[in-house]
Amino acid sequence: MKSTVLQQTITLVKKDILLELRQKYAFYGILLYIVSTVFVINLMIGKPDEKIWNALFWVVQLFVSVNAIAKSFMQENRGRLLYFYSLVHPRSFIAAKLIYNILLMSIMSLIALICCITFLGNPIINIWYFIGVIMLGGISLSLLFTMLAAIAAQANQNAALMAIMGFPIMLPLLMILSSVAKSSFIIVYQPGLPKLFLMLGSMDVLIIALSMVLFPFLWKD
Amino acid sequence: MAKHWWKALAVLILTYTIIAGFTHKIPIIGTNGQSSRGLYFHVPMWICMYTMFTISVVNSLRFLAGYDLRKDALASAAGGVGVFYGVLGFATGTLWATYTWGSTFTSDPKQMLTAVALLIYMAYLVLRMSISDIDKRARISAVFNIFAFALLIPLTYIIPRMVDSLHPGSASTPGFASKDTDNNMKMVLYPAFLGWTLLSVWIYTLVVRYKKLELKNIFK
Numbered sequence: 001m002k003s004t005v006l007q008q009t010i011t012l013v014k015k016d017i018l019l020e021l022r023q024k025y026a027f028y029g030i031l032l033y034i035v036s037t038v039f040v041i042n043l044m045i046g047k048p049d050e051k052i053w054n055a056l057f058w059v060v061q062l063f064v065s066v067n068a069i070a071k072s073f074m075q076e077n078r079g080r081l082l083y084f085y086s087l088v089h090p091r092s093f094i095a096a097k098l099i100y101n102i103l104l105m106s107i108m109s110l111i112a113l114i115c116c117i118t119f120l121g122n123p124i125i126n127i128w129y130f131i132g133v134i135m136l137g138g139i140s141l142s143l144l145f146t147m148l149a150a151i152a153a154q155a156n157q158n159a160a161l162m163a164i165m166g167f168p169i170m171l172p173l174l175m176i177l178s179s180v181a182k183s184s185f186i187i188v189y190q191p192g193l194p195k196l197f198l199m200l201g202s203m204d205v206l207i208i209a210l211s212m213v214l215f216p217f218l219w220k221d
Numbered sequence: 001m002a003k004h005w006w007k008a009l010a011v012l013i014l015t016y017t018i019i020a021g022f023t024h025k026i027p028i029i030g031t032n033g034q035s036s037r038g039l040y041f042h043v044p045m046w047i048c049m050y051t052m053f054t055i056s057v058v059n060s061l062r063f064l065a066g067y068d069l070r071k072d073a074l075a076s077a078a079g080g081v082g083v084f085y086g087v088l089g090f091a092t093g094t095l096w097a098t099y100t101w102g103s104t105f106t107s108d109p110k111q112m113l114t115a116v117a118l119l120i121y122m123a124y125l126v127l128r129m130s131i132s133d134i135d136k137r138a139r140i141s142a143v144f145n146i147f148a149f150a151l152l153i154p155l156t157y158i159i160p161r162m163v164d165s166l167h168p169g170s171a172s173t174p175g176f177a178s179k180d181t182d183n184n185m186k187m188v189l190y191p192a193f194l195g196w197t198l199l200s201v202w203i204y205t206l207v208v209r210y211k212k213l214e215l216k217n218i219f220k
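Taken in order, these protein sequences are the chains called A and B. Using the numbering used here, the first residue of the first sequence is number 1, and each one after it goes up by one. Using the numbering used here, the first residue of the second sequence is number 1, and each one after it goes up by one.
Treat the hints loosely; a few may be bogus.
[To be verified] Computed cross-link-like contacts, DSBU-like style, restricted to lysine-lysine with a CA-CA straight-line distance of at most 30 Å:
(1) B:LYS136 with A:LYS220
(2) B:LYS25 with B:LYS136
(3) A:LYS71 with B:LYS136
(4) B:LYS71 with A:LYS220
(5) A:LYS15 with A:LYS195
[What the hints assert, rightly or not] Computed from the model, here is a short list of chain A residues facing chain B with C-beta under 10 Å:
(6) ALA55
(7) TRP58
(8) MET147
(9) ALA160
(10) ILE164
(11) ALA209
(12) VAL213
It should be emphasised that the hints constitute simulated quantities derived from the structure, not laboratory data. Don't be surprised by glycine CBs; every beta carbon is placed ideally from N, CA and C.
Chain B extracted, bound-state conformation (with noise of 0.2 Å):
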């Protein structure tokens, strides 16, 4: 039992976010309202997104380092569930643009790069079932995934820094960073931050059971 007390704690994190998240007192500003509190859901998903897709392509370079098939299990499990919540993070943000900026989906530069970025891992998805032979599977998807992951970082990172759009954080308008985020926010943020970082890794792992089980005869 001594090395499941993380999710516990997960659990116990995410029940208080969701609590406080949806009943604490946050300051009211203009247009965002109380469409603030999207904050402790839609900024995690990003870092449990960051999170498998980080997973996902050292476990890619690993397999490519030793042709390790586990690895590439490793690799496919988390590519997954990164999708997964960027779906989500995708699914919170447009929910928040619906009511701030006025519409679901706008021209903004974040919001159709962090699109395209997802499409790419989609693409590595159905790469990966378009491929039978499991060994060259492996090492093309590896490949694909290196690739996606080096098209990543610009894509959601760099680029939507550097030109202007409406989202919180770039160019022009102020973000969500330590200096003008409201102290009280901060208090559900941060242990948001951790508990929705241990659920994807609790979902992750139990992924790659199921890959390891669906591949038993190969590892054993």
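Chain A extracted, bound-state conformation (with noise of 0.2 Å):
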């Protein structure tokens, strides 16, 4: 391969892109979950007060990201991986799919937020903080989740186990989204907000940097 990590990253992204307009699978697939989510928690609940539309849409977040991330390496059987195993280097595969889930997992932020907005009433006060808040954990969920998806993806594609050790990680992330997200609903002053942007900047920083040095020890087959 003459091209660069550089350029066979983008290809990778563009193909992953390409093959979502073409097929609307993962797309719709999740729309649909989203929507049926939310739906079921307004007929069991109406409309809930902040806090607990806080933690709901957090859950909400946290189920769609796993959905998603999921579908991303299950799509790929193993003869395919053997022929991008034979074409790219492994980072570049790896960074390939970081952006892309990225790119999916902002998406269905939105959507999510927009879902929940009009079935479960609007407590935000402050939305684009709070938007960007969710572009912040849609980030994070997609990062973490992209590199339990190829160690799940090698362990025989296995859901459940995905669960397992996405589950226990996840938490902390959880608990600093929501606790971030509450400056949004009513005006307050929380002393600590830097200190946690500053610890979700620098897990995903940790995420990065280990999926780019693991990965291509899981990718050997």
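Two chains, two separate frames, one set of hints: put the complex together.
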């Protein structure tokens, strides 16, 4: 291969987006998933107050990201993975997956937000701040689950395994996100806010670094 | 026999720790009462756990460097023993919390994050069970082990120190640091660290021997 790692990455991202645009399977599947989940919540408790709204929103986000990202590796069967293995550097492969999943989760987060607002009411005061937080949350969730999906894909595409591995790691991330998001519901001074953002950012950097270093070892089959 | 002296040392030190730990005079402060004696059992458990997880991650790294299955056996043995000590540390901690914080399981960040870290390591053990191919299991679990260790340190060491916690040694609560620990207690605490760590290494070597017997067709 003459092309650089960067070019390979861009090509792979394009390929993933193209596949998605042609099939639209993941997109509409997840869309239906979000709408039905939020609708069920609406049927059960109507319009919750802001604390429960926040909690439910992040739980919806969690399951959406698990479902959306598990698909990204499951659609690659063994033959296709072997084909990529002979073509591209493993780092550009995982980088492409990370970028594609970030894009996917950003769109999904916005859709989840719109669904939650329409079905569960709108307790948000500071909407732009909240959108910023869900973008950051979407990025963190997608980074983490991409790495875990890569591990689960090696272990016979076991989706239950992804839940076992992912949920404990997810917990602190979701706790940070939901407490950061609190500021968009009520006008309140949160003393440790910059520290929480710093934690979130450093966790993302840590996960990116680990995926880049460790994925080449996972890849060999 | 010469190389087994440290096992005798472990037994001696632990006998001293248990007898002295339960009988000697300690300062009685507020709600702590006699429960401060938990210090000799609770803190060393974490030191053992960190020792084991460090051994585990180092062996995982060595495995990825040379794909030697022996290293994987070492890493998995240390991981298992580490989880065992983690559960013991958690149990002794909750016992203390029951009497001083008034609740066995509070929403204290340190307690929560430690539980999370333990769950991650339990996931490591489950991941190992789920893959039947030995080489593949070794490779994938080594990758996850490094991932888990990289999360263990911020979860149990960095974040609890940044946020407010009921646990001694956090942001605004006094800790059992060298400055504010009673001298009498230090006489037992420091040997206890050594004794429990030696015991954990002993258990680890036994588990390694068992694992090697289990896989003796591969190791020859």
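Status of the hints after comparison with the structure:
1. B:LYS136 with A:LYS220: This hinted pair holds, its Cα atoms lying about 9 Å apart.
2. B:LYS25 with B:LYS136: The hint is violated at about 54 Å.
3. A:LYS71 with B:LYS136: Holds: A:LYS71 and B:LYS136 sit about 22 Å apart, inside 30 Å.
4. B:LYS71 with A:LYS220: Measuring from Cα to Cα gives roughly 18 Å; hence the hint holds.
5. A:LYS15 with A:LYS195: With a Cα-Cα distance of about 38 Å, the restraint between A:LYS15 and A:LYS195 is violated, given a limit of 30 Å.
6. ALA55: violated (14 Å)
7. TRP58: violated (16 Å)
8. MET147: Since the shortest Cβ distance to chain B is 7 Å, the answer is holds.
9. ALA160: This hint holds: A:ALA160 lies near chain B, its Cβ roughly 9 Å from the closest one there, short of 10 Å.
10. ILE164: holds (5 Å)
11. ALA209: holds (9 Å)
12. VAL213: holds (8 Å)
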